[in-house]
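Peer 1: Listed in order, the protein sequences are those of chains A and B. No gaps in the numbering here: position 286 of the first sequence is 286 in this note's numbering, and each next residue is one more. No gaps in the numbering here: position 117 of the second sequence is 117 in this note's numbering, and each next residue is one more.
Treat the hints with care, since some could be wrong.
[Stated by the list, open to error] Pair by pair, the computed Cβ-Cβ distance ranges are: (1) A:W154 - B:G202: 54 to 62 Å; (2) A:C331 - B:R288: 50 to 58 Å; (3) A:L361 - B:S135: 28 to 36 Å.
[Stated by the list, open to error] Which bits of chain B does chain A cover? Going by a derived footprint, with three or more residues having C-beta under 8 Å, they are: (4) 29-35; (5) 91-104; (6) 126-133; (7) 163-177; (8) 251-257; (9) 269-281; (10) 299-309.
FYI, nobody ran anything at the bench for these hints, they're computed from the structure. From a predicted model like this one, the values you see are computed outputs, not experimental measurements. The beta-carbon is built from N, C-alpha and C at its ideal position, and this holds for glycine as well.
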Amino acid sequence: MILPAVAVLAGTVLACFLAILPGLHIYNVMGLVAMLLYALNGGGVASMPEVTIPFLIGLVTGWSVLNTIPSVLLGAPDESAIFTVLPGQKYLMSGRGYEGVMMIGAGSLVGVFMLVFIIGPLAPKFLPVLRCVLNPHLHWILWVIITFILITEWPKGGNWGPAGWRKFFDAWSTLGAGLLTFMLSGLLGFLLLYRSPVSVENAFQNIMPAFVGLFAIPWCLLNAVSGAEVPKQIVREDLNINGDLLLRSGIAGGIGGGFAAFFPVVTGGVGGLLAGHATAQRDERIFMMSQGVSKTVYYTGALMLFFVPGLYLTRGGGAWIIRGLYTPRTCDFYLALGSIALSGAVSFLLLSPLTKWTLKLMKKVDYRWISVFALAIIVALVFSITRWTGLFVMIVATGIGLLPVLFGSRRLNCLGMLLLPIACNMSGIGEPVAAFLGLL
Amino acid sequence: MKGIAHFISGVAVASFCPWAVEAAQNGNAVYFVLGAVAGILPDTIDFKFYRFFYPHDVRVEPCSEQLDPQPIADQVAAAISAAAEGTPITLKLSTIKLSADNWRQYRVGIDPGEGEVRVQFGPVVSTGQVPQPDSLPADRPVGVSKFSATVKQGYEPVCTVDIFDGPSFLFKRNEVGEVETDFLPWHRNWSHSLVIGALLAGLASLVTWKAGAVIFGAYVIHIIEDQLGHMGSNLFFPVTKKRAPGLKWMHSGDALPNFTTVWLCCLFIFWNIYAAIENPVYHLGFIRFMMIAMVIPFAIFGLLRWLLIRADGGEPETLSTSWDV
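For reference, chain B alone in the conformation it holds in the complex (with noise of 0.2 Å):
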C-alpha cells in the first residue's frame, strides 16, 4: 500500500488504545505520532536508509544515446546462468533519465518457459509515470539472451524500469537446484518483520509500556496491509530467511484500496474519539455513522463513475502503454 494508507493505518491502530485518546485530550499528541511513525516506519527504513547501503554484484546501465537492448538482457541471462551455478547474485537495473521530468522505460521479461530473457525499450514517460505522447523509438528490437537454469518466479514476469531508483533482484539456486528470483531483494525483508515490530515496541515499552502497544499495533497493521498484496514480506525475521507471499488481492499502488483504507482509517479515528467522549452534545450510532459516512457516499460514487463512464462509451480510461515484450 501507499505510505498515507500505512502511515494513517497507524494513526488509526493508536485511536483504539484507550490512553492514546485520554492523552489527546489532555494535550499529549505523543501516542498519536508514535501511531503514524510506526506504521510508515518499515517502508522508511527500507526506502530511506537500507536500499542505499544494499550492495549488487552486477549494476545493468543502459545508455541513453544508444537504445540497444540486447546487452541488458545477455546480463541479466548471465547473471541467472552464475546463479545457477550455485552463486547468488544480486543484479540492479538502473534507470535512464533523459531530463529533470523525463525518463526512457524498458521492459525486462524473464521467461522460465523458453529459458530466455527478453528486453525492449518503450516510450518516455514523465515521473509520474505517463507516456508522452509519440515517444516510441521508431526501431524497438527486442533483446534475447537465453539461459541454462530452471527459473521459479518469484515476482511478476515482466519488470518495467523507468523513474528514480530502477528495480533489483536477486537471484539464487534453491535446495532442488531451481534459480529463484526475488524481487527487490531489500524491500520488505528483515524491516517487515513481526519480531522486528517486537523488538522496537519492547525497547519502547522501557519508557512505556502503552507506547510499545501502539508501535507494535502499527507495525503489524503495516505487515497485514502488505500481505495483502503480491510481494509480501519476510514475516518472522531472523527465524524466516525468506518472504512469505502476498495473498495478490491488489497492487500496493492501486487507488481503489489505497483510498479506500485511507478513508475507513479516518471514520475509525472519528469514531474513536467520539466513543470516548463522556457526555456527547451529538448522539451517533456505529451502524448509522458508517451508512453515512461510507456507504452511501462510496455507492453514490460508484455509480456516478459508471454512469459516466457509460456516456462516454463504456471504458474508463488507462494510463498503461500498450507494448510488452
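Here chain A stands alone, though its shape is the one from the complex (with noise of 0.2 Å):
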C-alpha cells in the first residue's frame, strides 16, 4: 500500500520537473525509463509492477495536468502569430497567464474525477461492447477524421476588397499551406514507416525526432525569436468560473479526450478539435477548461484502458512502453485507478506553487533564454538516442512544422505523419502506395 502511493508520488514529483519544460513529451521520458528497465531485467533486477506501474502513471497524469505550465507561460507568441495559438497564451498577454494556468488546470481535475468516477466504472462494461462493433470500421473512421480535419479549417483572409480571384487566393493561402503540410508530413510518415533512416537498435524511438521537428521545435523557435514582451502577471486567485460552466467543460473535453484515447492514432489534439466544433461552445473559458479535461482525459485515459477488465486496449505510447515490460491482471485495474487519483490530486495541488514559481522565474530569465534552454534539450535528448540520423530527420520536420506557423493554418495538419499512414495500411492500401513512393 506505502510503497505503490510512494512510487505514484515520485512519478508525479519527477513529472513536475519534465512538465516544466516546454516540448519535451512525456513519451519520450518513458521510452528511456522503459529502456531503463529493460537494461535493469536483462542485468538480472527484476522490477516490480506495484511500483512501476504507480510510477509510470504518475508520470504520465502529473504531466499531463502540470504541462499546461509552459504552453500558456512559455509560448508568448508575436502579435501576428497569435491567432494560431490557444487563448490560454491571450491570457497570458493580457496578464492574466495564472489564472490561464489554473483554469485549464481546473478542466484537468475534472478529467481526472471523470477518469475516477465515471469513465473508470463503466468502462468494463461498455468499452468492450464499443470496441467489438467499432473494430471492423476503424479505417474508414480514420478516413473520416483526416477528411473533416481537411475540410473544415476556416479560410482566414479574404475578407475585404473586390470580388474575385485576388480574394479568393488570398483566403486560400491558409487553406493550401494546410493541405500541403498535411501531404509533406504524410509522406515523411510514409517515408519512417517504411524505411526509416534511424537505426534498428533505437526503433523505439523512431518517430520521436519527427514529432520534435514538427510540434517542439517550432515553438521553440518562435519563442526564442519572438519580439513580444510579456506584460506583467497578475496572480488573482478568484478563476471566474462555476458549476455549470465546469460541467459543460468537462462534456466536451471529456468526448474529446475520450474519442482520442479510444481510437487508435487520433491524438488528443484531433480529439480536441473534434469535441469543440461538436459542442459549439463559443466561451473561452469553457474552451481553456475543456482542453484541460480533454489532454488528461486522453492521456491517462489511454493509459488507464490498458487496465481495464476485459479490455486491456493499447492505445497511446504510454500504453505501448508499458505493454513490452508487462500483462495487465484485473487488480491492476484498482491500482491504476487509485494512482491517476492520488497523482491527480497531488498534481493540482502543486499546480499554483509551480505556476507562480515559473512566473518569478520568468521575472529573472527572459522566456526566450526558457526557450532556447529547453531547444538545446531536446535538440541533446534527439542527438543522443537517435545521433546523426535522428537530427536530420528533426531538421525536416521542423521545416514541414514551420509551415503552420508562417502561414497561419491548423498545426494539427502535421498529423498527417501518423494520420495518413496508418489509415492507409488499415485500409490495406499502405503497401501499394509505399511502393509508388519507391519506398519498397
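Assembly of the complex is requested from the two constituent chains, each provided in isolation within its own frame, with the hints serving as guidance.
Peer 2: Structure follows, in C-alpha cells:
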C-alpha cells in the first residue's frame, strides 16, 4: 500500500520538473525509463509491477496536468502569430497567465474526476462492446477524421476588397498551406514507416525526432525569435468559473479526450478539435477548461484503458511502452485508478505553486532564453538517442512544422505524419502507396 | 447548423446504406467519406469558393480610428432607397479588424416602421465573439438615416458585424413595390438546392448508383437541417429564385441542437454497423441502446446543469452583449 503510493508520488514529482520544460514529451521520457528497465531486467534485476506501474501512471498523469504551465506561460507569441495559438496565451499576453493556467488545471481536475468516478467504473461494462462493434470499422473512421481535419479549416483571409481571384487566393493561402503541410508530413510518415533512417536499435524512438521537429522545435524557435514582451502578470485567485461552466467543459473535453484515447492514432488535439466543434461552445473559459479535461482524459485515459478488465486496450505511447514490460491483471485496474486519483490530486495542488514559481523565474530570466534552453535539451535528447540521422529527420520535420506557423494554418495538419500512413495501412493500401513512392 | 453536424449527418446517411457498411467491412471507406463530404459540401461551396466571387455594388468599410456610425447608416439607407427605384443593390458591411484577435463590433438595424437605418458601435470582441471587458467606446452616438421605401425584412431586423468576413445584403424591389432585404445573398442559394444535389448524385451515378444515393441523401439531409433554422434555402434552384423561409426552430450556432444532432448521428452510425454484424457477440435492443446512450445521459446532464445553475443563483451565464441599436 505504501510502496505504490510512494511510487505514484515519485512519478508525479518527477513529472513536475519534466512538465516545466516546453517541448519535452512524456512518452520520450517513458521510453528512456523503459530502456532503463529493460537494461535492469537484462542484468537480472526484476522490476516490481506494483512500483513501476504507479510510477509510470504518476509520470503520465502528473505531466498531463502540469504541462499546462509551459503551454500557457512559455509560449508568448508575436502579435502576428497570436491568432494561431490557444486562448491560454492570450491570457498570458493580457497579464492573466496564472488565471489561464489554473483554469486549464481546473479542467484537468475535472478530467481526473471523470476518469476515476465515471469512465473508470463504466468502462469494463461498455467499452468491450464498443471495441467489438467498431474494430472492423476503424479504418473508415480514421479516413472520415482526416477528411474533417482537411475540409473544415476556415479561410482566414479574403475578408476585404472587391470580389475575384485575388480575394480567393488570399483566402486560400492558409488552406493551401494546411493541405501542403498534411501531404508533406504524410510523406514523411510513410518514409519513417517503410524506410526509416533511424537505426533498428532505436526503433523504439523511431518517430520521436520527427514529432519533435513537427511540434516542439517550431514552438521553441518561434518563442526564441519572438519580439513580444510578456506583460506584468497578475496573480488572481478568483477564476470566475462556476459549476455550470465546469460541467459543460467536462462534457466537451471528456468526449474529445475519450474519443482520442479510445481510437488509434487519434491524438488529444484531434479529439479536442472534434469536441470543440461538436459542442459549439463559444466561451473561452469553457474552451480552455475543456482542453484541460481533454488532454488529461486523453493521456491518462489511454493508459487507463490498458488496465480495464476485459478490454486491455493498448492506446497511446505510454500503454505501448508498459505493454512491453508487463501483462495487466484485473486487480491492477484498481491500482491504476487509485494511482490516477492520487497523482491527479497532487498534481493539481502543485499547479499553483509551480505556476507562481515559473512566473518568478520569468521575471528573472527572459522567456526567450528559457525556450533556447529547452531547445538545447530537446536537441541533445534527440541526438543522444538517434544520433546524426535523427537530427537530420528532426530538421526536415522542423521545415514542415514551420509551414503552419508561417502561414497561419492549423498545426494539427502535421499529424498527417501518423494519420495518412496508418489510415492507408488500415485500409490495406499502405504497401501499394509505399511501392508507388519507391519505398519498397 | 454547424459544419460538424452536417458532416456527421452525411456519415450517418451513409451508414443507413447497407452497401456502404458492407464495403467498409471489406476495407473500403469510400461511401462513408463521400457521405461526409456531400454532407458538408453545400456550405463548403458557399464559404470556401462562391463568396469570394460574389460582387457587391456597395462596400461599407468603416474606419477603425474614427468610430462614426453616420456614414454607415447613410450608405445603407441610400442603398435601400436606390433599390426602391428599381435597381437591385448588393451591399457588404465590412468588419473592423483591430489586431490579430480583436475586432470592433457594430450593429446595423433596419427599422421598416420608422423608415430608418440605425447604426451604433459596440465593444471589442475576440475571434470567439466574446466581448473584451471595458471595451465599449466612451461616446457611442447612434447614426440614423432615413430611407424612402417600404421594406420587407427577410431576416432579423438587427445585424451584428464583428469577425472575419462581414455580412452582405441584397436589396431588391418585389412585384408589389416593397424592398426585400436578402441577408447573405450568396449563402444557401443555388448551392443549397435539391436539384443541385440530384445533379451531383446523377454525376456520381455514372460511376455507381450506390455513390449517387449516398451523395443525394447526405446533400438532402444538409438542406433539411438548414431548413430548421431561420434563413432557409433556395430549395429548387434554378426553378425557384428565392430562399424558402426556415422553420425558425433554432439558430445555426446554438449549442444544444448541434450537439444533440452530432450525438444522435454517432448513435445511428453505431447502431447501423452493429445491426450489420451477422452473429454479434453482444446483443442490444434499439430502445435499450437509445435509453442508455442518449436518454439517460442527457437527462442526467440536464438535471445536473439545473442543479448547478440553481446553486449559482438561478440564471445561466450568457455571452450576449448588453447593448442594442
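Peer 1: Now look at each hint and say whether the structure bears it out.
Peer 2: Outcome of the hint check:
1. A:W154 - B:G202: 54 to 62 Å: For G202 of chain B against W154 of chain A, whose Cβ atoms are near 30 Å apart, the range 54 to 62 Å is violated.
2. A:C331 - B:R288: 50 to 58 Å: Hint violated: Cβ distance 31 Å, outside 50 to 58 Å.
3. A:L361 - B:S135: 28 to 36 Å: holds (32 Å)
4. 29-35: This one holds; 3 residues, not fewer than the three required, reach chain A with a Cβ under 8 Å.
5. 91-104: holds (count 6)
6. 126-133: holds (count 5)
7. 163-177: n = 3 at 8 Å, threshold three: holds.
8. 251-257: holds (count 3)
9. 269-281: Satisfied; 6 residues make the cut.
10. 299-309: The restraint on the stretch 299-309 of chain B holds, since 5 of its residues have a Cβ under 8 Å from chain A and three suffice.
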